Amino acid sequence: MVGNLLIISLRGLSQIAAEYSECPSGKKGGDLGWFPRGKMAGPFQDVAFNTPVGVTSAPFKSTYDY
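Using UniProt numbering, you'd call the opening residue of the sequence shown number 1 and step up by one each time.
The hints are simulated quantities; they were obtained by calculation from the structure and are not laboratory data.
Computed from a prediction, not measured in an experiment: that's the story for all the values here.
One or more of the hints may lead you astray.
Cut-off 25 angstroms, straight-line C-alpha distance, at most; resulting in silico cross-link-like pairs (BS3-like, lysine-lysine) [to be verified]: (1) K61 - K39; (2) K27 - K61; (3) K39 - K28; (4) K27 - K39; (5) K28 - K61.
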């Protein structure tokens, strides 16, 4: 885990997403942009809309992965 965090901090999360993501947002560096309620999968949407603004959620298991 620490090794993965080090890689992310050295390369930048958007670069990692662009290279490895299987999601269409990977081409945009993982940027999902704005989305309304009801557009994202259950667990992801729940965390996205229940985490206070300015707070980062803990990692969580979504429909597709972490």
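So, going through the hints one by one against the coordinates:
For the hint pairing K61 with K39, the CA-to-CA distance comes to about 18 angstroms; that is within 25 angstroms, so the pair holds. Taken as a hint, the K27 and K61 pair is honoured in the structure, with Cα atoms around 22 angstroms apart against an allowance of 25 angstroms. At most 25 angstroms may separate the alpha-carbon atoms for a hinted pair to count; K39 and K28 meet this at roughly 18 angstroms. Simply put, K27 and K39 have alpha-carbon atoms about 19 angstroms apart, close enough for the 25 angstroms limit, and the pair holds.
Taken as a hint, the K28 and K61 pair is honoured in the structure, with Cα atoms around 22 angstroms apart against an allowance of 25 angstroms.
Checked against the numbered hints above, the structure breaks none of them.
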